[in-house]
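Sequence lines, in order, name chains H and V.
The first sequence: position 258 = 257 (numbering that gives the first Met the number 0), numbered continuously.
The second sequence: position 84 = 83 (numbering that gives the first Met the number 0), numbered continuously.
None of these hints come from the bench; they were simulated from the model.
Certain hints may be false.
Claimed, not checked - To give a feel for the contact side, a few chain H residues facing chain V, derived at Cβ under 7 Å:
| hint | residue |
| --- | --- |
| 1 | D169 |
| 2 | L170 |
| 3 | R175 |
| 4 | V176 |
| 5 | D177 |
| 6 | A179 |
| 7 | V188 |
Said to hold, decoys possible - Over 10 Å on every C-beta distance to chain H, these chain V residues come out as not near it, computed from the model:
| hint | residue |
| --- | --- |
| 8 | G14 |
| 9 | G28 |
| 10 | E58 |
| 11 | A77 |
| 12 | Q81 |
| 13 | P98 |
| 14 | L167 |
| 15 | R177 |
| 16 | R181 |
| 17 | Y221 |
| 18 | C297 |
| 19 | T351 |
Beta carbons are placed, not taken as given, at the ideal position from N, Cα and C, and that holds for glycine.
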Amino acid sequence: MTAVGGGSGLKERLFWGLGSALVVIYALIPVAWTVSLSLKRGADLGDNHFLPRVVSLEHYEAVFRDPQFSAALWNSIGIAGISTLAAVLLGMFTAYAIVRLEFPGRRLILAAALSIAMFPSISIIGPLFNMWRTLGLYDSWLGLILPYMTFTLPLAIWILSAFFREIPWDLDKAARVDGATPLQAFVRVIVPLAAPGVFTTTILVFMFAWNDFLFAISLTSTNDARTVPAAIAFFTGSSRFQQPTGSIAAASVVVTLPIILVVLLFQRRIVAGLTSGAVKG
Amino acid sequence: MAEIELQNLTKRFAGISAVKQASFTIHDGEFFILVGPSGCGKSTLLNMIVGLEEISEGEIRVDGVRVNDLDPKDRNMAMVFQSYALYPHMSVRENVSFPLKLAKLPKEEIDKRVARAAEILELEDLLDRRPRALSGGQRQRVAMGRAIVREPKVFLLDEPLSNLDAKLRVQMRTEIARLQRRLGTTTLFVTHDQTEAMTLGDRIAVLRKGEVLQIGTPRELYEYPRNLFVAGFIGSPAMNFLPVRWSEGNLEIPIGSLAPSADIGRRVEAAEGSLVAGFRPEHLHVVGEKDEAREGLCFEVQVEVVEWLGADLFVYFNVALDGFEELALPEDLDIESGDGAHPILVARLDPTAGLRVGDKVRLHLAAEHLQLFGAASGENLTLSD
Numbered sequence: 000m001t002a003v004g005g006g007s008g009l010k011e012r013l014f015w016g017l018g019s020a021l022v023v024i025y026a027l028i029p030v031a032w033t034v035s036l037s038l039k040r041g042a043d044l045g046d047n048h049f050l051p052r053v054v055s056l057e058h059y060e061a062v063f064r065d066p067q068f069s070a071a072l073w074n075s076i077g078i079a080g081i082s083t084l085a086a087v088l089l090g091m092f093t094a095y096a097i098v099r100l101e102f103p104g105r106r107l108i109l110a111a112a113l114s115i116a117m118f119p120s121i122s123i124i125g126p127l128f129n130m131w132r133t134l135g136l137y138d139s140w141l142g143l144i145l146p147y148m149t150f151t152l153p154l155a156i157w158i159l160s161a162f163f164r165e166i167p168w169d170l171d172k173a174a175r176v177d178g179a180t181p182l183q184a185f186v187r188v189i190v191p192l193a194a195p196g197v198f199t200t201t202i203l204v205f206m207f208a209w210n211d212f213l214f215a216i217s218l219t220s221t222n223d224a225r226t227v228p229a230a231i232a233f234f235t236g237s238s239r240f241q242q243p244t245g246s247i248a249a250a251s252v253v254v255t256l257p258i259i260l261v262v263l264l265f266q267r268r269i270v271a272g273l274t275s276g277a278v279k280g
Numbered sequence: 000m001a002e003i004e005l006q007n008l009t010k011r012f013a014g015i016s017a018v019k020q021a022s023f024t025i026h027d028g029e030f031f032i033l034v035g036p037s038g039c040g041k042s043t044l045l046n047m048i049v050g051l052e053e054i055s056e057g058e059i060r061v062d063g064v065r066v067n068d069l070d071p072k073d074r075n076m077a078m079v080f081q082s083y084a085l086y087p088h089m090s091v092r093e094n095v096s097f098p099l100k101l102a103k104l105p106k107e108e109i110d111k112r113v114a115r116a117a118e119i120l121e122l123e124d125l126l127d128r129r130p131r132a133l134s135g136g137q138r139q140r141v142a143m144g145r146a147i148v149r150e151p152k153v154f155l156l157d158e159p160l161s162n163l164d165a166k167l168r169v170q171m172r173t174e175i176a177r178l179q180r181r182l183g184t185t186t187l188f189v190t191h192d193q194t195e196a197m198t199l200g201d202r203i204a205v206l207r208k209g210e211v212l213q214i215g216t217p218r219e220l221y222e223y224p225r226n227l228f229v230a231g232f233i234g235s236p237a238m239n240f241l242p243v244r245w246s247e248g249n250l251e252i253p254i255g256s257l258a259p260s261a262d263i264g265r266r267v268e269a270a271e272g273s274l275v276a277g278f279r280p281e282h283l284h285v286v287g288e289k290d291e292a293r294e295g296l297c298f299e300v301q302v303e304v305v306e307w308l309g310a311d312l313f314v315y316f317n318v319a320l321d322g323f324e325e326l327a328l329p330e331d332l333d334i335e336s337g338d339g340a341h342p343i344l345v346a347r348l349d350p351t352a353g354l355r356v357g358d359k360v361r362l363h364l365a366a367e368h369l370q371l372f373g374a375a376s377g378e379n380l381t382l383s384d
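One chain only, chain H, in its complex shape (with noise of 0.2 Å):
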């Protein structure tokens, strides 16, 4: 490499690493306060210093002391897991009809789809509060899986037919003549192909469920089936005249340690390129 080749690569390394260090240090100083928070004793909340002077555990002791915390966890952890399930499994076979079959409506059935993600979900929080308490789905793990399904399987379909679309039909003929049924073929051949497509679906819609502030509060009453981020709004101090700043910063830091594991789990998966070498090219 010649000198001026150095010189302008490391021009341009420096402008990437400053660049990213920007970004990075953006995003993730709210992340850090909230953690310095967390970590802080009660009494130093409002000392003004970034940094804990005191390293101490009592806030998290608090939060999982609270019965209403772990409660909420359980229940975040079982909706949006169910939720997710759900939600990426229709999302599939409906997004595979939409790209492999052709049957009358196709193009409406994802306008439709659309349609409804943009729906601003405050509109129907009331007429749902209502339904769901003429229903009996009030305060109930359902009661929450169903819209969050509702608004997250759009979503899903596009991503997914997206993908679906990128898989050369012939592989599914190929399979089908070597002897598999529709569905083995489907499992075996075209969803672990899919398989970038389903982890990036997976990632949103269980973000969408886990973070989800409004159905949550909205739809829940008790303990049975109010979520982490609903529970959070309910955290008390120690003494009427406390504010809850510290249980608020625990609870907000072990509520982003899924996310931040699902992400980290799944972003390995999501390689692209996974099909090249099916056929040629």
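Knowing the structure of chain H, use the given hints to seat chain V on it.
Chain V alone, transformed into the frame defined by chain H:
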């Protein structure tokens, strides 16, 4: 081993017939070719046989048993796709053993069969690679391997060579022919390339616009085409075509005139519309002035283009039509015929003739090599039924 019988097989897409009333039998162990220009329905026909496409009308029987409503997985046919359709997330071994796993064969049997297929196709060193790490020819062989491990009744190959480069294509062509002979499995091969069809097939069916025009051995198709399209499609370079006038028992062609036999004369008389004369490039010979008396047609041309291929010499020349109506050949025949008034013809001559561009040369065509077709019906009038 299987015999495939098609009876009045028809496929319609939204009212348009892609395959019309195809009826023929592929014998047990035969290497059968479906050839035709793109869009002639040959792939549709193949897909109907394997079960990927529903049958609108007619019947398919394998060894006498009707299979119309059988799922593709139950037909025990193996198919090689034009795109190879290898499963990219599986290694070569997994690809090849996939049909066996679906058939729930015991593991030792699977291993044995995969090993044998790998040996036949020289895939042993590639078994643990993924398809994306393979070259085109290797992928092709893996696709073949996946087909042969099942020991199916029938092989169906859908333009398997069209994605390979020219040299590899010739190599794989011989390899497929050898493999088929070795295994003796009934094979149906689809191609748009007449050279592949001629070199591989025991018998060939020429398809055009969903219709089977002629079925026969390569030699039959080449020497006795029943049809103007078959005559122009089979053979490379293609047959030469010229317009013909019929006047009082004489055939007048831009390169001369001659009196046909009484038999042919009768059929020409009965034919409606204009006529087309055809002759193969290799039937033209260089003759000297003295050979004037020879039977057939003698005519002088000016050499336009010379292609010397070592063993062969292709000489291209124009013929003035003056007075003859322009030739209307089927469009899908895709024959480069120059402008309407000056059709380009080609002769395959002795390379030692030493011809150059601009030379004048006398050519001779024996009368028996001239074939006559009805332009509208396409029917070959020279052949007796």
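Classify the label on V/L167 as holds or violated, using whether its beta-carbon is more than 10 Å from each beta-carbon of chain H.
-> Fine: 13 Å to the nearest Cβ keeps V/L167 off the interface.
Beyond 10 Å from every Cβ of chain H: is that where the Cβ of V/Q81 lies? About 8 Å separates V/Q81 from the closest Cβ of chain H, which leaves it inside 10 Å; violated.
Per-residue hint verdict: H/A179, partner chain V, C-beta under 7 Å: 5 Å, holds
Non-interface claim for V/E58, where every Cβ of chain H lies beyond 10 Å
20 Å, holds
Quiz prompt | Outside-interface status for V/Y221 - nearest CB in chain H farther than 10 Å | solution = Label holds. Min Cβ-Cβ 31 Å, cutoff 10 Å.
Query - Minimum Cβ distance from V/P98 to chain H greater than 10 Å, as the annotation requires - result: The assertion about V/P98 is violated, with a minimum of 4 Å to chain H.
| request: Verify that the Cβ of V/T351 lies farther than 10 Å from every Cβ atom of chain H, and report whether the claim holds or is violated. | output: Holds: least Cβ distance 43 Å, greater than 10 Å.
message = Confirm or reject: V/G14 is not an interface residue toward chain H, with every Cβ-Cβ distance exceeding 10 Å.
response = Since the minimum Cβ distance to chain H is about 15 Å, V/G14 lies beyond 10 Å and the statement holds.
Discussion item. Is the claim that V/A77 lies outside the interface with chain H correct, judged by CB distances over 10 Å?
Written reply: 7 Å, violated
If you take the shortest Cβ to Cβ gap from H/R175 to chain V, is it below 7 Å? 5 Å, holds
Taking 10 Å as the cut and beta carbons as the points, is V/R181 off the interface with chain H?
V/R181 is indeed farther than 10 Å from all Cβ atoms of chain H, at 22 Å.
request  = Identify whether the interface hint at H/L170 stands, where standing means a beta carbon of chain V within less than 7 Å of its own.
outcome  = 5 Å, holds
Checked against the numbered hints given earlier, this structure breaks hints 11, 12, 13; the rest are met.
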